[in-house]
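Peer 1: Since chain A is already given, all that's left is putting chain B on it; use the hints.
These protein sequence lines are chains A and B, in that order. Just so we're on the same page, our numbering is the position in the first sequence counted from 1, plus 32. Just so we're on the same page, our numbering is the position in the second sequence counted from 1, plus 30.
Just so you know, the hints here were simulated from the structure itself, not pulled from any lab data. Note that the coordinates shown come from a computational prediction; the quantities given were computed from them, not determined experimentally. One should not assume that every hint holds.
Stated by the list, open to error - Not the full set, but computed from the structure, chain B residues with beta-carbon under 7 Å of chain A:
{"#": "1", "residue": "Ala137"}
{"#": "2", "residue": "Gly138"}
{"#": "3", "residue": "Ala146"}
{"#": "4", "residue": "Met148"}
{"#": "5", "residue": "Ala149"}
{"#": "6", "residue": "Leu151"}
{"#": "7", "residue": "Asn172"}
{"#": "8", "residue": "Ser181"}
{"#": "9", "residue": "Pro186"}
{"#": "10", "residue": "Asp240"}
{"#": "11", "residue": "Asp265"}
{"#": "12", "residue": "Pro320"}
Claimed, not checked - DSSO-like cross-link-like pairs, simulated, lysine-lysine; straight-line CA separation at most 30 Å:
{"#": "13", "chain 1": "B", "residue 1": "Lys266", "chain 2": "A", "residue 2": "Lys138"}
{"#": "14", "chain 1": "A", "residue 1": "Lys290", "chain 2": "A", "residue 2": "Lys277"}
{"#": "15", "chain 1": "A", "residue 1": "Lys219", "chain 2": "A", "residue 2": "Lys232"}
{"#": "16", "chain 1": "A", "residue 1": "Lys309", "chain 2": "B", "residue 2": "Lys176"}
{"#": "17", "chain 1": "A", "residue 1": "Lys219", "chain 2": "A", "residue 2": "Lys290"}
{"#": "18", "chain 1": "B", "residue 1": "Lys176", "chain 2": "A", "residue 2": "Lys112"}
{"#": "19", "chain 1": "B", "residue 1": "Lys397", "chain 2": "B", "residue 2": "Lys386"}
{"#": "20", "chain 1": "A", "residue 1": "Lys138", "chain 2": "A", "residue 2": "Lys112"}
{"#": "21", "chain 1": "A", "residue 1": "Lys294", "chain 2": "A", "residue 2": "Lys277"}
{"#": "22", "chain 1": "A", "residue 1": "Lys277", "chain 2": "A", "residue 2": "Lys297"}
{"#": "23", "chain 1": "B", "residue 1": "Lys123", "chain 2": "A", "residue 2": "Lys232"}
{"#": "24", "chain 1": "A", "residue 1": "Lys138", "chain 2": "A", "residue 2": "Lys209"}
{"#": "25", "chain 1": "B", "residue 1": "Lys123", "chain 2": "A", "residue 2": "Lys138"}
{"#": "26", "chain 1": "B", "residue 1": "Lys276", "chain 2": "B", "residue 2": "Lys386"}
{"#": "27", "chain 1": "B", "residue 1": "Lys176", "chain 2": "A", "residue 2": "Lys348"}
{"#": "28", "chain 1": "B", "residue 1": "Lys176", "chain 2": "A", "residue 2": "Lys138"}
{"#": "29", "chain 1": "B", "residue 1": "Lys176", "chain 2": "A", "residue 2": "Lys308"}
Even for Gly, the Cβ is constructed at its ideal location relative to N, Cα and C.
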Amino acid sequence: MGNIWGCLAPWHRSSLPAGLPHCNTPRSLLQINDSLITTYRDHCHNLTRGGSVFDTMSELFGRATGTTRGIGGSMHMYNKAENFYGGNGIVGSGIPNGAGIAFAHKYRMEPNVCVTMYGDGAANQGQKYEALNLAALWELPCIFVCENNHYGMGTAEWRAAKSSQFFTRGDYIPGIKADGMDVLAVKQVTQFAKQYALDKGPIILELDTYRYHGHSMSDPGSTYRTRDEINVMRQSRDPIDRVKKLLLEAGVPPEDIKKTEKDMKKEVDDAIAEAKKAPEPPLTWMWRNVYANPASCTLRDVGGRYVTPVHDSHYKDLQQIA
Amino acid sequence: MSLLQQSRSLGGALLRGVGLLSQSTRCAAPSASSPSIPLRYMATQGPTQMTVRDALNSAMDEEMERDNDVFVLGEEVAEYQGAYKVTRGLLQKYGPERVKDTPITEAGFTGLSVGAAMAGLKPVCEFMTWNFAMQAVDQLINSAAKTMYMSAGDIPVPVVFRGPNGAAAGVAAQHSQCFAAWYSQVPGLKVLSPYDSEDCRGLLKAAIRDPDPVIFLENEIVYGESFPVSSHVLDKDFLLPIGKAKIMRSGKDVTLVSFSKMVGYCLKAAEQLQSEGISCEVINLRSIKPLDRATILDSVRRTHRMVTVEEGWPQSGVGAEIAATVQEHAFDDLDAPIARVAGAEVPMPYAASLEKAALPQIEDVIKATKRILNK
Numbered sequence: 033m034g035n036i037w038g039c040l041a042p043w044h045r046s047s048l049p050a051g052l053p054h055c056n057t058p059r060s061l062l063q064i065n066d067s068l069i070t071t072y073r074d075h076c077h078n079l080t081r082g083g084s085v086f087d088t089m090s091e092l093f094g095r096a097t098g099t100t101r102g103i104g105g106s107m108h109m110y111n112k113a114e115n116f117y118g119g120n121g122i123v124g125s126g127i128p129n130g131a132g133i134a135f136a137h138k139y140r141m142e143p144n145v146c147v148t149m150y151g152d153g154a155a156n157q158g159q160k161y162e163a164l165n166l167a168a169l170w171e172l173p174c175i176f177v178c179e180n181n182h183y184g185m186g187t188a189e190w191r192a193a194k195s196s197q198f199f200t201r202g203d204y205i206p207g208i209k210a211d212g213m214d215v216l217a218v219k220q221v222t223q224f225a226k227q228y229a230l231d232k233g234p235i236i237l238e239l240d241t242y243r244y245h246g247h248s249m250s251d252p253g254s255t256y257r258t259r260d261e262i263n264v265m266r267q268s269r270d271p272i273d274r275v276k277k278l279l280l281e282a283g284v285p286p287e288d289i290k291k292t293e294k295d296m297k298k299e300v301d302d303a304i305a306e307a308k309k310a311p312e313p314p315l316t317w318m319w320r321n322v323y324a325n326p327a328s329c330t331l332r333d334v335g336g337r338y339v340t341p342v343h344d345s346h347y348k349d350l351q352q353i354a
Numbered sequence: 031m032s033l034l035q036q037s038r039s040l041g042g043a044l045l046r047g048v049g050l051l052s053q054s055t056r057c058a059a060p061s062a063s064s065p066s067i068p069l070r071y072m073a074t075q076g077p078t079q080m081t082v083r084d085a086l087n088s089a090m091d092e093e094m095e096r097d098n099d100v101f102v103l104g105e106e107v108a109e110y111q112g113a114y115k116v117t118r119g120l121l122q123k124y125g126p127e128r129v130k131d132t133p134i135t136e137a138g139f140t141g142l143s144v145g146a147a148m149a150g151l152k153p154v155c156e157f158m159t160w161n162f163a164m165q166a167v168d169q170l171i172n173s174a175a176k177t178m179y180m181s182a183g184d185i186p187v188p189v190v191f192r193g194p195n196g197a198a199a200g201v202a203a204q205h206s207q208c209f210a211a212w213y214s215q216v217p218g219l220k221v222l223s224p225y226d227s228e229d230c231r232g233l234l235k236a237a238i239r240d241p242d243p244v245i246f247l248e249n250e251i252v253y254g255e256s257f258p259v260s261s262h263v264l265d266k267d268f269l270l271p272i273g274k275a276k277i278m279r280s281g282k283d284v285t286l287v288s289f290s291k292m293v294g295y296c297l298k299a300a301e302q303l304q305s306e307g308i309s310c311e312v313i314n315l316r317s318i319k320p321l322d323r324a325t326i327l328d329s330v331r332r333t334h335r336m337v338t339v340e341e342g343w344p345q346s347g348v349g350a351e352i353a354a355t356v357q358e359h360a361f362d363d364l365d366a367p368i369a370r371v372a373g374a375e376v377p378m379p380y381a382a383s384l385e386k387a388a389l390p391q392i393e394d395v396i397k398a399t400k401r402i403l404n405k
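This is chain A alone, in the form it adopts within the complex (with noise of 0.2 Å):
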């Protein structure tokens, strides 16, 4: 369940974030005080809360200067000041997880919803059907968001689910399907998806996507579909050709596209060669963060010495190492 990205410009990944997370109006448009809670595919929803291409990538080779310190690693990445809650590697879980961060938000009353983010594999899980029940019987304020990228690894869809109309299988939960490669039918539907979610409860938005690559680095993506297939979804479909075209069309200069893709791959470019020369944590961060009160804990270490853990989430001795 690996998901080791290397140096691939990650907004070429397989589908855009829900919505568009910093606009301020109107209201139904999700806020930063909006919870976000994803799979372990986290690598761009850390660039759009409180992320950066340099931290995103640090985290990837395993940096002190990653978002989570080269501790969390690609599968794992947070941020708790602007709500996203992971970064969760074991398919499925983040599902609950999601409708107990949307009962924090009701519990305080807060006019506030929380996205639950999971694939098509996910969809089939047990635990998903236990939150769903939760979520509507408490009437949660939680979009539970199935990204349908039509393969489980290597399973496609059709394998997997009896049913692949995943946006119908809330059942008692009102489910919308969108393109999910298309940026502004995220973000409509996302609007509608936040003003149901606090008004009525709980509902399911199917994002209809496609993953070019394999699984992970260690799939080539090849052995299970056509080369075809992923020709055609990255002709026809591709999201970021869609917004170019739309550009085009509503008169934005060439030029000025061309310098902002060229900006982009320069600052992506950057950020690498940075991430490339950043260290690697200090082993004294190994012992950091196991507890968050650390009083009266010891931990045994290989060699069988007793070392005392502590909490620290500022690292300020990053400037010292780094």
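Peer 2: What follows is chain B alone, placed relative to chain A:
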């Protein structure tokens, strides 16, 4: 828990004379106008008697009153007043938004508890028994225990998971397992197992205030047992430190180490052995993780002999960890091998005589102690 299993548990226990009478007399639900009145309001000075059940109940009540972020959820915790009546009165006092009955979906409500804790609330999640929590082990380990670490300290998970652990009476193989050893292995969890009412009050209050995920292993048989509690213990800010064992009885010939109900057995064994001239020091671990190695080692350095006692299975059990630690750090202080008394390595049989044979009895503690004293 099915009605059949509940009646077997109560009926079986009554027939075998295990003191559950106090449990059966507390089954009536209080009316809305008279929530459960804690015994402490009746005490003025000197030790009061308090049942373990009331100790847990009062601890939760006080912490919910103190901190609005604390809420309770689990099967039957609200309208039923708690499967074992431990949450009696809380729904009446705090309402259905803070005391929530869940469906029988452990993976779902455990995951929900973890999510709520990540978002800053302080759930107290009850498992009707820890056997049922196996449905939710992934959430306990991969979500609750590890998130603080994986997030490099960004996201604490301040949740308490509590419920009865280990053998009850007549509930057979799938309802009788002890999980102390399993959870105690995981860095990121704290694992507590109280014995008496003082332990229950102090440790549960400390657990609820602690920012880390706590596995709180109670014992159904002891719920109805009364213990003296001082006014200090009844204070609403009474806390016990997590990671510190208690020496229940000082002694010089041998150290008996255990947790939960077995502490009571060790104390009774110590009484009997005293009349035969053997002086036992009895340690109540209270905390399985962190384990109070200092207290254990200090004791064995004085007594030179040790018996560990637990209900759970022996292989890789709590006693195994204690024995490994003692021989690592106090090898030269030992005058005899460490004896382990543990549950028989079988799934729990149903028949009363077999169940008795499968679990440590006071006689077994006495035999093991005498064996290592060559008596």
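Peer 1: Does each hint fit the structure? Answer for all of them.
Peer 2: Against the structure, the hints come out as follows:
{"no.": "1", "hint": "Ala137", "result": "4 Å, holds"}
{"no.": "2", "hint": "Gly138", "result": "3 Å, holds"}
{"no.": "3", "hint": "Ala146", "result": "4 Å, holds"}
{"no.": "4", "hint": "Met148", "result": "6 Å, holds"}
{"no.": "5", "hint": "Ala149", "result": "4 Å, holds"}
{"no.": "6", "hint": "Leu151", "result": "5 Å, holds"}
{"no.": "7", "hint": "Asn172", "result": "5 Å, holds"}
{"no.": "8", "hint": "Ser181", "result": "4 Å, holds"}
{"no.": "9", "hint": "Pro186", "result": "4 Å, holds"}
{"no.": "10", "hint": "Asp240", "result": "6 Å, holds"}
{"no.": "11", "hint": "Asp265", "result": "21 Å, violated"}
{"no.": "12", "hint": "Pro320", "result": "5 Å, holds"}
{"no.": "13", "hint": "Lys266(B) with Lys138(A)", "result": "29 Å, holds"}
{"no.": "14", "hint": "Lys290(A) with Lys277(A)", "result": "12 Å, holds"}
{"no.": "15", "hint": "Lys219(A) with Lys232(A)", "result": "20 Å, holds"}
{"no.": "16", "hint": "Lys309(A) with Lys176(B)", "result": "28 Å, holds"}
{"no.": "17", "hint": "Lys219(A) with Lys290(A)", "result": "25 Å, holds"}
{"no.": "18", "hint": "Lys176(B) with Lys112(A)", "result": "15 Å, holds"}
{"no.": "19", "hint": "Lys397(B) with Lys386(B)", "result": "16 Å, holds"}
{"no.": "20", "hint": "Lys138(A) with Lys112(A)", "result": "18 Å, holds"}
{"no.": "21", "hint": "Lys294(A) with Lys277(A)", "result": "17 Å, holds"}
{"no.": "22", "hint": "Lys277(A) with Lys297(A)", "result": "19 Å, holds"}
{"no.": "23", "hint": "Lys123(B) with Lys232(A)", "result": "28 Å, holds"}
{"no.": "24", "hint": "Lys138(A) with Lys209(A)", "result": "26 Å, holds"}
{"no.": "25", "hint": "Lys123(B) with Lys138(A)", "result": "20 Å, holds"}
{"no.": "26", "hint": "Lys276(B) with Lys386(B)", "result": "28 Å, holds"}
{"no.": "27", "hint": "Lys176(B) with Lys348(A)", "result": "23 Å, holds"}
{"no.": "28", "hint": "Lys176(B) with Lys138(A)", "result": "26 Å, holds"}
{"no.": "29", "hint": "Lys176(B) with Lys308(A)", "result": "27 Å, holds"}
In this structure, only the earlier hint numbered 11 is contradicted, and the remaining ones agree with it.
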